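The whole structure should be built from the sequences, with the hints applied where relevant.
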Amino acid sequence: METFLTYGSVFLTGGIICTIGQILIDKTKLSPARILTLFVTLGVILTFLGIYEPIVEFGKCGATVPICGFGYSLFKGTVKAITENGFIGVFTGGVTATAGGIAAAIVFGFLASLFAKPTIK
Amino acid sequence: MNTNLNISNSEYDDLISKKAQKSPILKNIFFAFVIGGIICMIGQFINDTLQHYGISKEHAACFTSISLIFLGAFLTSINLYSRLGKVAGAGSTIPITGFSNSIVAPAIEFKSEGYVLGIGANMFKIAGPVLVYGITSTVILGFIYYIFHYMI
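Just so you know, the sequences run in chain order V and Z. Position 109 (the first sequence) corresponds to 109 in my numbering; numbering is contiguous. Position 51 (the second sequence) corresponds to 51 in my numbering; numbering is contiguous.
Treat the hints with care, since some could be wrong.
Here are the computed lysine to aspartate or glutamate pairs in the EDC-like style, where the Cα-Cα straight-line distance is at most 16 Å [stated by the list, open to error]:
#, chain 1, residue 1, chain 2, residue 2
1, V, Lys-29, Z, Glu-58
2, Z, Lys-27, V, Asp-26
3, Z, Lys-57, V, Glu-57
4, Z, Lys-125, Z, Glu-113
5, V, Lys-80, V, Glu-53
6, V, Lys-117, Z, Glu-109
7, V, Lys-80, Z, Glu-58
8, Z, Lys-86, V, Asp-26
9, V, Lys-29, Z, Asp-14
10, V, Lys-117, Z, Glu-113
11, Z, Lys-125, Z, Glu-109
No wet-lab data here; the hints were simulated from the structure. Note that the structure is a prediction, hence the values are computed from the model and not measured.
Encoded structure:
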């Protein structure tokens with residue numbers, strides 16, 4: 001039952017975040033690239049304001065898997081690094097926390113492009 | 001068909017918006033909600049499985065991102081992610097698999113232009129702005145956070 005509830009809130013949170021994105025695409029003609037940029041920045045700002053943390057506690061991966069979760073990790077890492085190392089954390093924290101994701105995206109992206117053939121659209 | 005359109009820009013915009021096909025918004029929202037939700041549930045499942053096998057919470061979160069990025073890259077390279085995107089819209093763009101797709105897709109597309117200026121330079125066409133604005137806003141707000149907590 002507990003698992004069911006957890007996955008329910010994950011589904012709900014992730015679904016709602018994607019729905020907001022879809023409404024923005026349909027209503028404002030913003031391109032997906034702009035939506036991604038907007039959501040990351042929003043994730044950072046909402047984490048800074050302390051609004052995103054409760055959403056993560058409720059939605060778990062439903063809040064961290066969407067791209068605003070990337071912004072959440074960036075700012076959370078910054079706060080952690082500032083607490084541990086002081087001022088230098090302002091610059092080192094964000095990228096340190098997200099380094100795994102960024103490196104994975106670069107490496108898998110490069111490898112995929114080596115093996116995949118471009119398709120004619 | 002009158003091809004000699006002698007109208008102002010705003011009139012032209014009105015004409016285009018009238019002629020443009022309306023995308024079925026409710027259907028789009030439904031698929032974005034369901035597919036976005038399912039991708040997040042896959043992430044939760046990977047995360048729970050890793051934690052079950054004794055991996056710490058922080059590392060499990062990191063591995064979850066890496067796994068989903070791998071999944072996004074793999075599905076893009078076999079040309080499945082773009083098909084999913086046609087149905088799911090933002091449901092496939094917003095999750096981290098979509099971020100991965102935004103890196104892999106241009107990398108594959110520009111492969112013919114060479115390994116350095118094709119793949120290397122075009123990989124971050126969409127993900128680049130994401131990193132620029134994400135990291136810039138983090139450093140600025142981190143600076144404000146530092147001032148508020150340690151200076152005042």
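CA of Lys-80 (chain V) to CA of Glu-53 (chain V), is that 16 Å or under? holds (14 Å)
Can the restraint linking Lys-27 (chain Z) and Asp-26 (chain V) be considered satisfied, given a maximum Cα separation of 16 Å? holds (11 Å)
Between the alpha carbons of Lys-29 (chain V) and Glu-58 (chain Z), is the straight-line distance 16 Å or under? Answer violated: Lys-29 (chain V) to Glu-58 (chain Z) is near 37 Å, above 16 Å.
Has the given pair, Lys-125 (chain Z) with Glu-113 (chain Z), been kept, meaning a C-alpha gap of at most 16 Å? holds (15 Å)
If you draw a straight line from the CA of Lys-86 (chain Z) to the CA of Asp-26 (chain V), is it 16 Å or shorter? holds (14 Å)
Is the Cα-Cα distance between Lys-80 (chain V) and Glu-58 (chain Z) 16 Å or less? holds (12 Å)
Regarding the pair Lys-117 (chain V) and Glu-113 (chain Z), is the alpha-carbon distance no greater than 16 Å? holds (13 Å)
For the pair we were handed, Lys-57 (chain Z) and Glu-57 (chain V), check the Cα-Cα distance against 16 Å. Cα-Cα ~13 Å, so holds.
Decide if the proposed pair is consistent with the structure: Lys-117 (chain V) and Glu-109 (chain Z), CA atoms, cutoff 16 Å inclusive. holds (8 Å)
Satisfaction of hint between Glu-109 (chain Z) and Lys-125 (chain Z), Cα-Cα up to 16 Å: Answer holds: Lys-125 (chain Z) to Glu-109 (chain Z) is near 12 Å, not above 16 Å.
CA of Lys-29 (chain V) to CA of Asp-14 (chain Z), is that 16 Å or under? holds (15 Å)
The structure does not agree with numbered hint 1 stated previously, though it agrees with all others.
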